[in-house]
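**Q** Here the protein sequences line up with chains A and B, keeping their order. Everything in the first sequence is counted per the numbering used here, starting at 1 for the first residue and increasing by one. Everything in the second sequence is counted per the numbering used here, starting at 1 for the first residue and increasing by one.
It is possible that some hints are incorrect.
Computed list of lysine-lysine pairs in DSS-like fashion (alpha-carbon distance at most 25 Å, straight line) [unchecked claim]:
1. A:43 - A:70
2. A:53 - A:95
3. B:125 - A:70
4. B:85 - A:53
5. B:125 - A:130
6. A:70 - A:53
7. A:95 - A:43
Derived list of chain B stretches under chain A, where covered just means 3 residues or more per stretch with a C-beta under 8 Å from a C-beta of chain A [said to hold, decoys possible]:
8. 31-44
9. 87-100
Everything labelled a hint here was simulated from the structure, so no lab data went into it. Owing to the predicted nature of the structure, the values given are computational and were not obtained by experimental measurement. Each residue gets a CB set at the ideal place from its N, CA and C atoms; glycine is no exception.
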Amino acid sequence: MSSFKAFDIAGSGMAAQSVRLNTTASNLANADSVSGDPATVYKARHPIFQAVKATLASQGSGAEGGPAVKVTGIYESTAPASARYEPGNPLADAKGYVYAPSVNVVEEMVNMISASRSYQNNVEVMNTSKELLLATLRLGQG
Amino acid sequence: MPLNLDQYVSVHAAALDVRARRGELIARNLANADTPGYQARDIDFRQAMARASGDPASGVTLSTTQPGHIGAANGADTATGADLKYRTPLAPSLDGNTVDAQIEQASFAENAVRYQATLTFLNSKFRGLLTAILGS
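Okay, chain A solo, but in the shape it has when bound:
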């Protein structure tokens, strides 16, 4: 049944965007988590989105269904941690430096807005598809 595929597709979009929102929340929450060692400091996380292509087998049967987007992984930013001279900080290393994660707060805010807009788009698609499907079910009754 083809109409139900829209739910799978919009659902996968919502799932992917919510992963993105989660990583953004994690990045923002840890934006100021300093550490005394640049190797252990928090690193910004970002999801990797990938479009799901129909396989050859599913193409033949005409069932090009399934989710449309998936999160193939979450990568940690390789940007170097920024060192701050804070000798009074109990976490500071021998030279008096603490290391702050390379989270770009402005970038994360933009990511958050973009993710929430995309999420809303998918919700709209799902709502509209639901209404159309219900109207199709009522076909011939009114």
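Using the hints provided, position chain B relative to the given structure of chain A.
**A** This is chain B only, laid out in the frame that chain A set:
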């Protein structure tokens, strides 16, 4: 002459099918609005309808009789037999994604309204049939 119910609703039934398929494609585009390298696709409605109504001018298709068979050339849609086209981006982005959320939203809304219009046509056809049967 007996009434052929299939023929009576055929155009609208086919249109409903193509509309549902197009809605699904646009949903796919919107779900992939942030996927790097994803290229937005859409269905050629005129061609899909021409094919659904058996217009020979719409071209020749390969018939697929086995699950492993690949359909017609250049990415034809297996469900409707119509060619899937790639959207030309108005503002190409660096990551290779050609989805323009506004355009997709507009297309989706348009498609939904037309789907409902087709439903209305079908409903009125059935109502007409009922009137003929019941005589009131």
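**Q** Does each hint hold? Answer for all of them.
**A** To see whether the hints hold, each was checked on the structure:
Between residue 43 of chain A and residue 70 of chain A, the direct Cα distance comes to roughly 22 Å. Compliance with the 25 Å bound is thereby established for this hinted pair. As the CA atoms of residue 53 of chain A and residue 95 of chain A are separated by approximately 52 Å, the hinted pair breaks the 25 Å bound. With a C-alpha separation of about 42 Å, the suggested pair residue 125 of chain B and residue 70 of chain A falls outside the 25 Å cut-off, and the hint is violated. Restraint check for residue 85 of chain B and residue 53 of chain A: satisfied, since their Cα atoms lie roughly 16 Å apart, inside the 25 Å limit.
The hinted pair formed by residue 125 of chain B and residue 130 of chain A meets the criterion: a straight-line CA distance of about 23 Å does not exceed 25 Å. Straight-line distance between C-alpha atoms of residue 70 of chain A and residue 53 of chain A comes to about 10 Å, which keeps the hinted pair within the 25 Å bound. Taking the CA atoms of residue 95 of chain A and residue 43 of chain A, the gap is about 22 Å. The hint holds against a cut of 25 Å. By the rule of at least three residues with a Cβ nearer than 8 Å to a Cβ of chain A, the coverage given for the segment 31-44 of chain B holds, with 8 such residues.
For the segment 87-100 of chain B, the proposed coverage by chain A is not satisfied: 0 residues have a C-beta within less than 8 Å of a C-beta in that chain, short of the threshold of three.
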